[in-house]
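**Q** Take the sequences, apply the hints, and build the full model.
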Amino acid sequence: MSLPKISLVRRTEDVPKWMPLVTTLGAVLLAFVIGGIILKSIGANPFYIYGYFFKGAFGSLGSFSDVMVKASPLILIGLGCSLAFRMRLWNIGAEGQFFMGAFFASLVPLVPLVPMETTPKIVVLTLMGFLGMIGGALYGFIPGYLKAKFNINEIIVTLMLNYIVVFWNNYWIFGKWSDSGFQMTKTFPKAAWLPRLADLAGQYKVFSGITLHAGVLFGLLAALIVHIILNNSNWGYMINLIGDNPRAARYAGADIAKNTILVFMLSGALAGLAGMVEVSGVVHRLQERISTSYGFSGVIVAWLAKLNPWAVIVVSILFGALIVASREIQPSGISFLLQGIILFLVISSDVLLKYKFQLTRSAKVKDEVAA
Amino acid sequence: MARFEPSLEYLYEFNLMSYLEPKADSATVEPVVELRDIVLRFPGVLANDHVNFKMYPGEIHALLGENGAGKSSLMNVLIGLYRPTSGQIIINGEPVSFNSPKDAIAKGVGMVHQHFMLVQNQTVTENIILGLDQPRFFLNLKKYDEEVRQLAESVGVNIDPTAKIWQLSVGEQQRVEILKILYRGAQILIMDEPTAVLAPQEAEELMETLRGMAGQGKSIAFISHKLNEVRAVADRLTILRRGQATAEGVPVEGMSREQLATLMVGREVIFNQRRSDKEPGEVILKLENVSALNNKNLPALHNINLELRQGEILGIAGVAGNGQSELVECVTGLRSCQGKIILNGENIANKSPRFSIAQGLSHIPEDRIGVGSAPNLSITKNVIMKNYREKPISKHWQLDYKAAKTHAEGLKSSYDIIAPNVETQARKLSGGNLQKLILARELSSVPQIVVAMQPTRGLDVGAIEGVQELLIGRRDEGCAILLVSEELDELMRLSDRIAVMYEGEIVGIMEDEDADIQTIGLMMTGSLRMDGKEDLPGHNLLQKEPETEAPADEKAESQPPLAMADPIEPEEAPLQEPLQTFIDDAKTAQEETLASEDPKNFKQEVNERIEKFFDSIEEQDVEEKPAKPDLPERPLTEAEEKERVLRKVLGDKYPEDGEK
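Listed in order, the protein sequences are those of chains A and B.
Heads up, the first sequence is in this note's numbering, so the first residue is 9 and it goes up one at a time.
Heads up, the second sequence is in this note's numbering, so the first residue is 29 and it goes up one at a time.
To be clear, the hints were calculated from the coordinates, so they are not data collected in a lab.
All clues stand as given, with none of them false.
Computed from the model, here is a short list of chain B residues facing chain A with C-beta under 8 Å:
1. R382
2. P393
3. V399
4. G400
5. S401
6. P403
7. L405
8. K409
9. M413
10. Y416
11. S422
Covered stretches of chain A (chain B as the covering partner; in silico rule of three or more C-beta atoms under 8 Å from a C-beta of chain B):
12. 241–252
13. 259–265
Quick reminder that beta carbons are idealized off the backbone N, C-alpha and C, glycines included.
**A** This is how it looks when you write it as structure tokens:
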């Protein structure tokens, strides 16, 4: 007698509200199980390694602060990507917009645009943040304009622009601002540093050596703003409408060209702000390698978070933890392995939301039983 | 005396449609398909409620019903997309159970869906052999081209197997879908609303093809809600209403449009004129020398001049593709044009759609799914599409979803949109309900002018009536309506004036009194123009050759307009006299008893009358039998039959054995 057949049946009813959360968490859990099996097969003890992972990421205030430092740019970039993706604009140029933001922000201390000795820190930082956003927005304007006016594929344009900005930055880093010939500029004056918890070590001993900087607050604030835009504003409604059916949006009176450019610029501005946060909060100088491809990770973060601003924060922290933990484990590729498995499983878990499994017995089986 | 045929009116009155047995070609012919007692239940919906369906070789069996009546569900059961909750599928006398359409096609059952599933960049042949186990590795396309060509010839279909799908018209693409099914050896074809996407001429060609295939012994199930079409092509029909069969395998011959409509919607449908009795008001929309290009940058509109007045419906007639879409797009701001479009004294030509919306222009677009709605957004988000910037839904930059929801709930109930709640995604609505949603959005804003393109296309009779009533209601309130339709019947019924378009020009405008279908048909086909100009239109359009040589009447003969084929005329099947008296009796009895509110009495009454009636049938039957030897034997005895009928009539109230 043959076994009953398992088939996928398309769901006709809506899934319960808890279901997406459960399937996503289940997928992450399963990813760790599969990762564990792989670790076991190469002779390691997965429990020991995961324990180490966890300790490396969340074990102490210091390591958690490192996680948050890594998560900060991811949150901002993930938010920017979510916004663009909601409108079905495939901005994969966050990496380039990030570098452009870093460059523009660096103009403040490097040119310098304001006298660094006398200007109050708050003014310098505000100016840097503002310029960082302008830089990202301008770099987002190019693909946005080309898409809106000439319908040029934004994926190709943003991807290419990512390479251009690297050489642009290198010209300034090597040619103009090089610190005695190294591939980096001089360290920014302290006025251009984002405040860190370590700055409070004088009053609170716990904070000594804690690198967590104010950039993470930008991330949280941005999440709130993006959430309000998407869910509580006229503009967000229009973004969703254009994303779902641009022809209907045009028919309803939406100016698609204008919104394409605006959304691209806002998406770029968020990535640009991430660039500012990174130069001002972490490296304190402009250099060739600021990003460990945050721009591309941000795309993945946005997808894993299903374009939900609050979920972007959670996913960014998870990714930050994986980046930090990879320092603890050799080879460090293991955390990328886990990243890959998580991405794969979370995206595949969508199947459960659209289909359900059904056991079916073929007619033949029934006949056999009857016989 | 003629063979007894119980009037549908009677049968309908008592919900006895299943009493009729199918007219088989002979008693010995086995049905190729039999669906027995199919029940299909979805969460909260009973899609099919004990439906029986039989198909014989070589017949076209129409499946008629409103949107959401369960026609497609029933056929999806037959091809294995859905598994019935209960019931049996019997193919060629053998009970089967399908898990997928693949299983069904292996048994010779295939379906042509309404939305084609073709790869645009592949050739006809490639699409047809796609997904088959053959060829295994090397593809000798030429060999398959030849096979496809032969197959096409054998069913009288004209198609080039090497053409790419995107080069084909919609009608040709449909033929590819049919060939795809036939190539897989289907003997039983299911066509899901095949004419919904076709131009009238293409529909006529399809009918020919279907008749040809039926002539070759194939069985065709034809899902539709177009009454004329069913009457033209089908041999027998099954009518579904709310999941139940109100007619099972009834011969189409002799059924009038009105009878079919009544069976479908469960009430009388009025097919009468709905002209405005008021004088139209001021001119509100004026088109002056409007010209425009189509999507291929070819001239599509040429010097259009039109006036639309308050409180009138101006119908635009024309064969599809003669510039109607472009005209609508120019007026609604979706297409740039030359010339002036003056709405309320403002030139709205080449302004944004938002500008015309602000001027009080509503637009019911032709493409409900592609243009009129955002399929993945909720009903709420779909109904606020045009007023989301206005109070109370919007406060400055903020969108008040609570207010939006209240607004949506109000519209849902006043426009009778059937959906679980206002958070339901638009794509889950049936065609009729989606159109109601669009009408709710467009008409609730109290527009000054409504531009409606094909507002009833693809809808069933009941929904069509609803849409037309809404438009008329607005018209009577003084709204000006520009109605573009390919249904001449509809235009004649609703319009106060009719303008005819041909090759991008208005070839004539008629007051409704002067309009007759014949004249409009001639104008639509470019054989006649009534705007005083000498030459026929088309000479100034690049894509067409001048067609001035042919004399008008000759051309009319060579290409008669399709819509003329079936003018509305009341067709009443003559009722047999005894039956008529019986119905009258039954009606009065029912009214009396209902008035007395005594269910027991009513039950008895019905009982008696049915008994009496069956006696009379018996008598007649005996008489008629020799005349119609092919009438199949009734499998049930009279007593059983009576019980079954009573069960149907009384439903839940039927006393079960214990109570008896």
